[in-house]
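Trainee: Here the protein sequences come in this chain order: A and B.
Using UniProt numbering, read the first sequence as starting at 1 and increasing by one per residue.
Using UniProt numbering, read the second sequence as starting at 1 and increasing by one per residue.
Because the hints were derived from the structure by calculation, they are not lab data.
It is possible that some hints are incorrect.
You can't tell identical chains apart in this list, so a pair holds if it fits in one copy or across any two.
Said to hold, decoys possible - Here are the simulated SDA-like cross-link-like pairs (lysine to any residue), alpha carbons at most 25 Å apart as the crow flies:
{"hint": "1", "residue 1": "42", "residue 2": "176"}
{"hint": "2", "residue 1": "82", "residue 2": "161"}
{"hint": "3", "residue 1": "82", "residue 2": "183"}
{"hint": "4", "residue 1": "5", "residue 2": "188"}
{"hint": "5", "residue 1": "82", "residue 2": "27"}
{"hint": "6", "residue 1": "105", "residue 2": "179"}
{"hint": "7", "residue 1": "105", "residue 2": "132"}
{"hint": "8", "residue 1": "42", "residue 2": "116"}
{"hint": "9", "residue 1": "5", "residue 2": "151"}
{"hint": "10", "residue 1": "42", "residue 2": "201"}
{"hint": "11", "residue 1": "105", "residue 2": "85"}
{"hint": "12", "residue 1": "42", "residue 2": "182"}
{"hint": "13", "residue 1": "42", "residue 2": "53"}
{"hint": "14", "residue 1": "82", "residue 2": "100"}
{"hint": "15", "residue 1": "5", "residue 2": "94"}
{"hint": "16", "residue 1": "82", "residue 2": "137"}
{"hint": "17", "residue 1": "82", "residue 2": "165"}
{"hint": "18", "residue 1": "5", "residue 2": "183"}
{"hint": "19", "residue 1": "5", "residue 2": "46"}
{"hint": "20", "residue 1": "42", "residue 2": "166"}
{"hint": "21", "residue 1": "42", "residue 2": "107"}
{"hint": "22", "residue 1": "5", "residue 2": "150"}
{"hint": "23", "residue 1": "105", "residue 2": "150"}
{"hint": "24", "residue 1": "42", "residue 2": "190"}
{"hint": "25", "residue 1": "105", "residue 2": "56"}
{"hint": "26", "residue 1": "82", "residue 2": "117"}
{"hint": "27", "residue 1": "82", "residue 2": "131"}
There are 2 protein chains.
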Amino acid sequence: MAKRKVSNTLALAVLGLLQEQPMHPYEMASVLRERHKDSSFKVNSGSLYDTVEALARHGWIEPVETERDGRRPERTVYAHTKLGQDEFVHWIDELIRTPVAEYPKFMAAVSYLGALGPDGATDALAERADHLEARIEETRAVLAETVGSGRVPRLFMIEVECALHAWEAERDWTRRTIAEIRDGSLFWPRVERAEQGWTWSAPADQKGRK
Amino acid sequence: MAKRKVSNTLALAVLGLLQEQPMHPYEMASVLRERHKDSSFKVNSGSLYDTVEALARHGWIEPVETERDGRRPERTVYAHTKLGQDEFVHWIDELIRTPVAEYPKFMAAVSYLGALGPDGATDALAERADHLEARIEETRAVLAETVGSGRVPRLFMIEVECALHAWEAERDWTRRTIAEIRDGSLFWPRVERAEQGWTWSAPADQKGRK
DNA sequence: GGGCATATAGTAGGTTCCGACTATTAGGAA
DNA sequence: TTCCTAATAGTCGGAACCTACTATATGCCC
């Protein structure tokens with residue numbers, strides 16, 4: 001499978017918005033924020049303008065007019081093309097169908113959880129769990145006042161439910177891990193420098209060596 | 001909180017490895033792969049050399065010798081510094097403690113799940129669920145032959161358990177969503193262009209308008 | 001013992017991405 | 001009226017990142 005011409009997912013958001021109506025980049029950013037889509041897409045003005053240009057280069061969108069309001073900077077309004085419309089659907093299909101490796105920062109840190117020691121680790125994990133809890137509450141509130149009130153169809157906010165589910169899972173894992181460190185079921189080896197590489201203490205009678 | 005000098009998590013991996021012993025970049029990559037850490041860190045030789053250079057620039061690591069074996073390219077061996085050691089622990093603590101926004105590609109695509117239509121969506125989601133299932137099985141196998149056999153302490157592979165948990169959650173959400181689309185409990189509005197913006201059909205008697 | 005795949009070690013070059021900045025207008029406080 | 005802030009609209013320079021490539025050495029199959 002050949003690599004995508006434009007791989008930034010912000011491009012997906014742009015294509016999505018232009019399915020509805022022509023827009024200029026600044027408006028795209030505003031609409032995305034209004035609809036809470038800025039939790040699924042990193043909406044950064046620098047990236048946005050780059051992305052729009054790249055999409056135009058490849059013929060997936062095209063400028064339809066440039067307006068100027070007083071002495072404000074000129075704005076270029078873009079519309080999607082037939083090509084862009086097809087690509088939009090194919091891209092979504094591919095992204096849903098095929099999981100790709102991602103490298104969340106948390107996973108990287110958990111890799112070296114050992115470096116914090118059992119107390120440092122439980123402390124840091126506990127704080128994370130609290131932050132996650134707060135974020136989960138906020139998200140639930142957003143869902144309640146949009147989908148819950150019938151103002152927005154549930155399908156249009158489905159990614160928020162998906163994210164919510166992921167955070168809940170992360171919170172649960174975090175809490176469970178804290179508990180396992182506390183009650184000793186996650187054994188904490190003491191690593192020591194040996195003449196050749198490292199040795200670590202083992203839970204029962206096992207001894208390991210790298 | 002001031003921004004980190006080097007924010008690439010690959011730098012965390014480098015610091016982690018150098019806590020054990022001095023190494024040259026190529027060896028770091030090999031060791032990371034050996035230990036299955038390449039699922040938490042994107043190990044790319046180009047990025048690796050850049051990252052190592054950046055760490056050296058900031059004084060977190062330093063070159064200790066350059067060797068040459070026959071006519072092979074020269075290799076520079078690096079060691080961590082006191083600064084790098086402190087930074088390593090602080091960085092991990094921060095990453096664990098404070099969740100940061102990330103933008104997985106799947107979330108972006110789910111945002112526009114509607115574009116696939118109910119049948120296209122269930123089809124794509126089902127394929128994803130199968131891929132996830134396969135990945136989960138593989139990961140379990142890896143855990144069994146390392147931690148399960150007592151060759152590696154569980155703490156040293158804890159990030160693999162964390163990832164496993166996340167994938168299981170994603171698989172569950174995916175399966176549940178497929179079921180909800182099929183049985184109609186996730187209502188699929190038909191969106192239509194109106195004179196001003198868009199209208200969509202509503203499940204019961206509700207009507208919405210953006 | 002010739003050829004081919006793989007492991008070793010790193011470089012080069014370009015694209016993408018992002019934070020920080022510019023400049024104008026509108027609205028309200030004082 | 002003037003000052004200050006927020007909103008509007010976008011630019012710019014540099015860091016990060018990744019792909020593709022170079023070049024040597026080694027093992028091994030036939």
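Trainee: None of the hints should be skipped; say for each whether it holds.
Mentor: Structure-based check of each hint:
1. In this homomeric assembly, residue 42 and residue 176 never come within 25 Å of each other (Cα to Cα): the closest approach is 31 Å inside a single copy and 27 Å across copies.
2. Taking the shortest Cα distances, residue 82 and residue 161 never come within 25 Å of each other, neither inside one copy (31 Å) nor across copies (44 Å).
3. With identical chains, the CA atoms of residue 82 and residue 183 are never at most 25 Å apart, being 60 Å at best within one copy and 33 Å at best between copies.
4. When the C-alpha separation of residue 5 and residue 188 is checked against a cutoff of 25 Å, the pair qualifies neither within a copy, at 47 Å, nor between copies, at 31 Å.
5. For the homomeric pair residue 82 and residue 27, the shortest alpha-carbon distance inside one copy (22 Å) is at most 25 Å, but the shortest distance between copies (49 Å) is not.
6. With identical chains, the CA atoms of residue 105 and residue 179 are at most 25 Å apart within one copy only, with a shortest distance of 22 Å there and 32 Å across copies.
7. In this homomeric assembly, residue 105 and residue 132 come within 25 Å of each other (Cα to Cα) both inside a single copy, at 15 Å, and across copies, at 21 Å.
8. In this assembly of identical chains, residue 42 and residue 116 lie within 25 Å of each other by CA distance solely across copies; the values are 23 Å between and 31 Å within a copy.
9. In this assembly of identical chains, residue 5 and residue 151 lie within 25 Å of each other by CA distance neither inside one copy nor across copies; the values are 36 Å within and 44 Å between.
10. Proximity of residue 42 and residue 201 under a CA criterion of 25 Å is satisfied in neither setting, with 44 Å inside one chain copy and 30 Å between copies.
11. In this assembly of identical chains, residue 105 and residue 85 lie within 25 Å of each other by CA distance solely across copies; the values are 19 Å between and 33 Å within a copy.
12. Taking CA atoms no more than 25 Å apart as the test, residue 42 paired with residue 182 passes in neither setting, with 37 Å inside one copy and 32 Å between copies.
13. In this assembly of identical chains, the alpha carbons of residue 42 and residue 53 lie at most 25 Å apart only when taken from the same copy (17 Å versus 28 Å across copies).
14. In this assembly of identical chains, residue 82 and residue 100 lie within 25 Å of each other by CA distance neither inside one copy nor across copies; the values are 27 Å within and 37 Å between.
15. In the homo-oligomer, the alpha carbons of residue 5 and residue 94 lie at most 25 Å apart inside one protomer (14 Å), although the nearest pairing across protomers, at 35 Å, exceeds that limit.
16. In the homo-oligomer, the alpha carbons of residue 82 and residue 137 never lie at most 25 Å apart, since the shortest distance is 41 Å inside one protomer and 41 Å across protomers.
17. Neither within a single protomer nor between protomers do residue 82 and residue 165 lie at most 25 Å apart by alpha-carbon distance, with minima of 35 Å and 41 Å respectively.
18. Taking the shortest Cα distances, residue 5 and residue 183 never come within 25 Å of each other, neither inside one copy (51 Å) nor across copies (37 Å).
19. Taking identical chains as interchangeable, the C-alpha atoms of residue 5 and residue 46 lie at most 25 Å apart whether they share a chain (19 Å) or sit on different chains (21 Å).
20. Within a single copy, residue 42 and residue 166 get their C-alpha atoms as close as 18 Å, and across copies as close as 21 Å, so both meet the 25 Å cut-off.
21. For the homomeric pair residue 42 and residue 107, the shortest alpha-carbon distances inside one copy (20 Å) and between copies (12 Å) are both at most 25 Å.
22. Taking CA atoms no more than 25 Å apart as the test, residue 5 paired with residue 150 passes in neither setting, with 38 Å inside one copy and 46 Å between copies.
23. Proximity of residue 105 to residue 150 under the C-alpha cut-off of 25 Å is found in neither arrangement, the shortest distances being 36 Å within a copy and 28 Å between copies.
24. For the homomeric pair residue 42 and residue 190, neither the shortest alpha-carbon distance inside one copy (41 Å) nor that between copies (28 Å) is at most 25 Å.
25. For a Cα distance limit of 25 Å, the shortest separation of residue 105 from residue 56 across copies, 22 Å, qualifies, whereas the shortest one inside one copy, 32 Å, does not.
26. For a Cα distance limit of 25 Å, the shortest separation of residue 82 from residue 117 across copies, 18 Å, qualifies, whereas the shortest one inside one copy, 57 Å, does not.
27. In this assembly of identical chains, residue 82 and residue 131 lie within 25 Å of each other by CA distance neither inside one copy nor across copies; the values are 44 Å within and 31 Å between.
Hints 1, 2, 3, 4, 9, 10, 12, 14, 16, 17, 18, 22, 23, 24, 27, counting from the list given before, are not met by this structure.
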